[in-house]
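Add chain B to chain A, keeping to what the hints say.
Order-wise, the sequence lines are chains A and B.
Residues 0 to 328 in numbering that gives the first Met the number 0 are what the first sequence spells out, letter by letter.
Residues 0 to 328 in numbering that gives the first Met the number 0 are what the second sequence spells out, letter by letter.
Bear in mind the hints are in silico, worked out from the structure with no lab data behind them.
One or more of the hints may lead you astray.
[Stated by the list, open to error] Below, computed lysine-lysine pairings styled on DSS-like, alpha-carbon distance capped at 25 Å:
1) B:LYS122 to A:LYS126
2) B:LYS126 to A:LYS126
3) B:LYS122 to B:LYS96
4) B:LYS126 to A:LYS122
5) B:LYS122 to A:LYS10
6) A:LYS96 to A:LYS122
7) A:LYS122 to B:LYS10
Protein chains: 2
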Amino acid sequence: MNALAPPFDPKEFRRALGMFATGVTIVTTTAADGTPIGITANSFNSVSLEPPMVLWSLANNARSLPAFSDSTHWNVHILSNEQEALSNRFARAGEDKFNGLALDMQPSGAPLLTGCSARFQCKSAFKYEGGDHTIFVGEVVQYDSSALPPLLYVTGGYALASRKAAPVSTEPQAQLEGAVYSENLLGYLFGRAHFQFLHGIRGTLQQRQLSDTDFFVLSLLSVCQPLQVPEIAAHIAYTGVDLGTGALQSLVQRGLLVQEAGGLRLSPTGSDAILHVLAAAKSVEADLVDRMGEMESAALRNLLKQAILATDPGLPKLWQATAPAQPAA
Amino acid sequence: MNALAPPFDPKEFRRALGMFATGVTIVTTTAADGTPIGITANSFNSVSLEPPMVLWSLANNARSLPAFSDSTHWNVHILSNEQEALSNRFARAGEDKFNGLALDMQPSGAPLLTGCSARFQCKSAFKYEGGDHTIFVGEVVQYDSSALPPLLYVTGGYALASRKAAPVSTEPQAQLEGAVYSENLLGYLFGRAHFQFLHGIRGTLQQRQLSDTDFFVLSLLSVCQPLQVPEIAAHIAYTGVDLGTGALQSLVQRGLLVQEAGGLRLSPTGSDAILHVLAAAKSVEADLVDRMGEMESAALRNLLKQAILATDPGLPKLWQATAPAQPAA
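Same shape as in the complex, but just chain A (with noise of 0.2 Å):
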């Protein structure tokens, strides 16, 4: 326990309120002269339902207080998982917030942005002392919500949620002192997934009479063609297959690929190949992210992404640069 008086660190606090996981809103209201005022707040919440009410809270020394202070609506922005860059801009002072935005009608006069997973137009309520900050309850007169999931904001930093799922079996129950081969270990999951992803698209390949190989062969040069041998190789040796030249030259015979000056290209009858499998493949992501919902889809690539980072042996860039990276979260 740390007892706050004294010394008081307020980055230890901080941190430590940081372990309650929020939403991320914005608030927007109009100032007296019709200035458009927004700012980024996680001190959202709802409060009552009869009336419809929700407060957040706004720092004394906001350059925003005197708007919100003097408006008689505001409004509140659940922001969506894609709107990391807009709570950052609007989280920042200065420059003009809503410059380019795409604005809804205003009935209460206060601005409404969209791309939004839920929203709440409020006629101000109450106005009440919070320490260095003053809460600001509304009344909520309008709302609509949308199905996109939502973004977070835990332990300083953004985040996905997902909901959380019943266990696969039970628990392990291992029947060899010291295995510790059970449910639990990602190594486990992965392969499992892996697999069970891949068995619902054997039909398709085996009626195209591919193996898993040829299948890594050619949707690697259905994004990148044509590649020499030992580029191929560098690309497929993590998955534990030493390609040799074995399997290409079979598929070169198969007529799937042709070789050219730069090297192995899909032939029209690889195109068509790979396209049927890419399309079961895609059928088989449809039906799962349909089961498992967006929010955990998004989640779920989201993690993947960070194992692969942290697991990578450094294996070669698969896809063309097109965009600047995005900074690591």
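Positioned in the frame of chain A, the structure of chain B alone reads:
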């Protein structure tokens, strides 16, 4: 936009509010007669830094309202992801909620629970009107926090948080018209995570002259043995490996498996081999969890289990039931 009057659908309104993710807290106090009081709340928020203040709100018709209204002190506990059952216990009325719970020393006189992500001991500062709720603002007099990942509540259910990741490479740029193979496909991410993990133990597998298939068979038997050949084949089939009898016979010939009346079983050599491989896997796993962090690892396990359930082709259960299955969240 849903206008709120009339008609106003409270369920729909609550669903929209549910898009705002929150942590989960239990707030405790002691009634005038000494009875410990506690209630689950997700209406918590930080308010002020100087003085350090937090708030939460409670329904005016809550049975615990008089106790909190009369009390000079209350404690807020930010629950960790292991405390879902505790959250449910304190969300229900009746019964002795504190029965059997470990409590820390209570300098404030209010019960202090253990195993939380963070705890704030507060002196009641303000009570404000908030429609059908009362808003409690307290000054934090002591606090502490742990490294336990917090429990979340979002869109009407418990959830885990995970930090947003940087992209694995960058946006896809397929060269083949219509090809949809991209780094955002779960199918691709599963495979890459699986093979990269396996890459980390490949050295150990090669030392022991074990193929991927040998590894699957030996680890299966480390969990559950003896098994008949068709049972092993049924467990392995989803990986696409057609086991036949060749691979198993080879493992017997090499002295890794022994044939018994009940089926195949690990020999002492086989046990030794798989224990070494599993130790290597455990080390890769520990390194991965260390790099990703506990919060992300827990969320990733959770989501992989959802994906595995969603794509399960009807595999035989690998692990014995030792505890009743938890209800799906």
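Each hint tested on the structure:
no.: 1; hint: B:LYS122 to A:LYS126; verdict: holds, 21 Å
no.: 2; hint: B:LYS126 to A:LYS126; verdict: holds, 13 Å
no.: 3; hint: B:LYS122 to B:LYS96; verdict: holds, 23 Å
no.: 4; hint: B:LYS126 to A:LYS122; verdict: holds, 21 Å
no.: 5; hint: B:LYS122 to A:LYS10; verdict: holds, 21 Å
no.: 6; hint: A:LYS96 to A:LYS122; verdict: holds, 23 Å
no.: 7; hint: A:LYS122 to B:LYS10; verdict: holds, 21 Å
This entry satisfies every hint, going by the numbered hints stated previously.
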